[in-house]
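Q: Residue numbers (this note's numbering), protein chains in the order written: chain A, 222 to 633; chain B, 21 to 266.
Since the hints were derived computationally from the structure, they do not count as laboratory data. Predicted, not measured: the structure shown is a model, and the values here were computed from it. Misleading hints may appear alongside valid ones.
Some, not all, of what chain A presents toward chain B, calculated at C-beta under 10 angstroms [unchecked claim]:
1. Phe284
2. Asp326
3. Val330
4. Ala333
5. Ala580
6. Leu586
7. Ala588
8. Ala593
9. Glu595
10. Ala596
11. Met599
12. Leu600
13. Glu602
14. Ala603
15. Leu605
16. Glu607
Chain B stretches covered by chain A per the calculated footprint, using a threshold of three residues with CB under 8 angstroms from any CB of chain A [as the list claims (entries may be wrong)]:
17. 65 to 74
18. 87 to 94
19. 124 to 135
20. 187 to 193
Just a sample of chain A residues kept apart from chain B, beta carbon distances all over 12 angstroms, derived [as the list claims (entries may be wrong)]:
21. Gln476
22. Glu561
23. Gly572
Where a beta carbon is used, it is the ideal one built from N, C-alpha and C, also for glycine.
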Amino acid sequence: MNAITPINNAANFLRRAEGLSAPGWAVALRAAGRDALAARGMPTRRAEAFKYTDLAPVLNAGFVAPTGSRNVPPMPAQRGRARLVFVDGVLRGDLSTLPPRPLSDMAAVLGALTTPDTQPITALNASFAEDGLVLEIPAGEDAGLVELLSIVTDGAIAFHPRHIIRLGAGAKLALLDTAQGADGIAYLHNPVFEVSLAEGATLAHVRVQAEGRAAFHLSSVHAAIGAGATYDNFTLNAGGRIARNEIHAALNGAQGACHMNGAQLGTDGQVVDTTTVLHHAAPDCASRQTYKTVLKGRARGVFQGKIFVAQVAQRTDGYQMNQALLLSEDAEMDSKPQLEIYADDVKCSHGATVGALDAEQLFYLRARGIPADEARAMLVEAFLTEAVDGVANEECRAALDEAVRSWWAREA
Amino acid sequence: MLKIEGLTAEIDGKTILNGIDLELPTGEVHAIMGPNGSGKSTLSYVLSGREGYEVTGGSVTFNGIDILAMEPEERAATGLFLAFQYPVELPGVGNANFLRTALNAQRRARGEPEVDAMQFLKLARAKMKALNMPEDMLKRGVNVGFSGGEKKRNDVLQMALLEPKLAILDETDSGLDIDALKIVADGVNALRGPAFSALVITHYQRLLNYIVPDRVHVLMGGRITRSGGPELAHELEAQGYGQAAA
Ligand SMILES: Nc1ncnc2c1ncn2[C@@H]1O[C@H](COP(=O)(O)OP(=O)(O)OP(=O)(O)O)[C@@H](O)[C@H]1O
Ligand SMILES: [Mg+2]
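If we strip away everything but chain A, and leave its shape as in the complex, we get:
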């Protein structure tokens, strides 16, 4: 061995993680996370999966643990029948209408869907994993709309909630997950979702990522989709300085469906990254992905979409489309679709486009009296339509439309 040991780039995190005292349920999970970080550090841009997104600013930032603030910020009106609220990284039972359940209830399944060794963002969460949303919907029950809300008002905090959502056979749930924060604070929100859907269950998971402009948002969803079940994810990736959303989904039973749609809105100095990894591991499943990215100023957008079709996954019907609209010449979009197909009877297509606003369309609107800014907003909204239309739940759709409009109002 060389005399100089390279400095682990996750050293800041490791040092803090090692100093934590862990409750019993967390001991193994956090140790696995720390081991992964200690062995490999966090990925640099030399790592294939992080070629386009540089995590260095996150690693160099230096965060503190949630400070136990008791702030009561103004909150958006509740849309669902119950919600769980985080403020400044602290789960707030007093502000929640959904009684929190401890992760210790889930000790038996905790981490079952993740492999921290190959999933650095998940490993980071594991090293610090804290209580999050724990929801178990019994078989056959329709649980309606539940909300998960995180608001950061203060402090360069890092928080790492672990959310476990399990639906029994035929159960139904819509989950609206909103993350917001004040501009100007460099905090890190690093949630991990473990989603497990039993036979015939349906989860509509709508995520509205509208963190503050200086924030970092590194999230990872792990979904195991049973036979005939449907996981329907829509992610609006609009806030933060560096925002990466990973989805690792597995279609494990026949005739399952996985829909992953999303919109990314990036502005000056921002990196918005969507990375999906989808395993077709059973026959007769369908997957649909439509991602739309709108970039302004010097924004960078990333879409990476991997689809594995296992040999058993005959009659897979897969579709992936990723389109970007660049509103400035300085904006940059990187996309990397990747298909690995080991079954022979498969319908799998993918496509990607990058373009600017159409001058003719813009003129048509303006010639009818619509001012240039409003006309551009209409065309951007139209561009997003195809992806956004996949959100069937009206409350979720309304929340989404509102977030898109306020982004535009702020950035235009």
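Chain A is already provided as a structure; the job is to place chain B with the ligands on it using the hints.
A: Relative to the frame of chain A, chain B with the ligands by itself:
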């Protein structure tokens, strides 16, 4: 009154309009005819303010106001309307939303109260009925999947709703069937009156049987080479541009 004097314009450094002089008094309808590529659409784009068309000389005033200094949306709010030779498709933009946004944007610019969704629907339904357009066109994307003739009719619907003071119709008759031609002409004639004027660009005398113009101008090589009464259209149809307009 629309007054065009010595108007020259170029695209990508290429001169297309070579000194257009034209006066369109308020309340009148004039036709512009001319060979392919003579600059008719270019004139309509320059009048409505499309980017990429550089005015290199001359002036255009509408009721005494210099419109060349205005943005396209400002020109629209003052009452200028262009029915496009090739109406543009706007996938993802609902026709109803588009029409109401346009109407309210113009009303706002003029300091008039906006119309609400109910008022708008009532208005739009009445206009669509007059133009014999099926109501489901309101729900569709603007011009998306519309046939050529349907697109033209959709442009005329916009005109009927926006009630401009000056309409430029660029080959609105091309692609229309005989019945649609009459319906569209009725739509234009319904707006005719002492406060409305129109420039009707067409290749065919037939349209002018329905929209009878006060004057006919021939545009060739980027300038007006001849003007006359409605009978000039007949003469052109019989003899072609070579003889009649030289
Ligand atoms: N972007 C462009 N660059 C260069 N030349 C152009 C451009 N756009 C139009 N032209 C030229 O300008 C001339 C006038 O075109 P315009 O469309 O105004 O003709 P028009 O009279 O409307 O013809 P038509 O009867 O076929 O509709 C044509 O020769 C055309 O090729
Ligand atoms: Mg033309």
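Q: Hint validation: Ala593 (chain A) versus chain B, beta carbon distance must be below 10 angstroms. Holds or violated?
A: Given a least distance of 7 angstroms, the restraint on Ala593 (chain A) holds.
Q: Quick check for students: does the CB of Glu561 (chain A) sit more than 12 angstroms from each CB in chain B?
A: Fine: 32 angstroms to the nearest Cβ keeps Glu561 (chain A) off the interface.
Q: Against chain B, with CB atoms and a cut of 10 angstroms, does the hint on Met599 (chain A) hold up?
A: holds (6 angstroms)
Q: For the stretch 65 to 74 of chain B, does the count of residues with a C-beta closer than 8 angstroms to a C-beta of chain A reach 3?
A: holds (count 5)
Q: Regarding the hint that Val330 (chain A) lies at the interface with chain B, is the smallest CB-CB distance below 10 angstroms?
A: With a closest approach of 41 angstroms, the Val330 (chain A) hint is violated.
Q: Regarding the hint that Glu607 (chain A) lies at the interface with chain B, is the smallest CB-CB distance below 10 angstroms?
A: holds (7 angstroms)
Q: When the nearest CB of chain B is found for Glu595 (chain A), is that gap smaller than 10 angstroms?
A: Glu595 (chain A) check passes; min Cβ-Cβ to chain B is 7 angstroms, inside 10 angstroms.
Q: Verify the interface restraint on Leu605 (chain A): the C-beta must sit less than 10 angstroms from at least one C-beta of chain B.
A: This interface hint holds because 8 angstroms falls under the 10 angstroms limit.
Q: Does the closest beta carbon of chain B sit nearer than 10 angstroms to the beta carbon of Phe284 (chain A)?
A: Nearest chain B Cβ about 40 angstroms off; hint violated.
Q: For the stretch 187 to 193 of chain B, do three or more residues have a beta carbon lying closer than 8 angstroms to a beta carbon of chain A?
A: violated (count 0)
Q: When the nearest CB of chain B is found for Ala596 (chain A), is that gap smaller than 10 angstroms?
A: holds (8 angstroms)
Q: Tell me if Glu602 (chain A) is really an interface residue toward chain B, meaning its C-beta lies closer than 10 angstroms to one of theirs.
A: holds (7 angstroms)
Violated hints, in rising order: 1, 2, 3, 4 and 20; the structure is consistent with all others.
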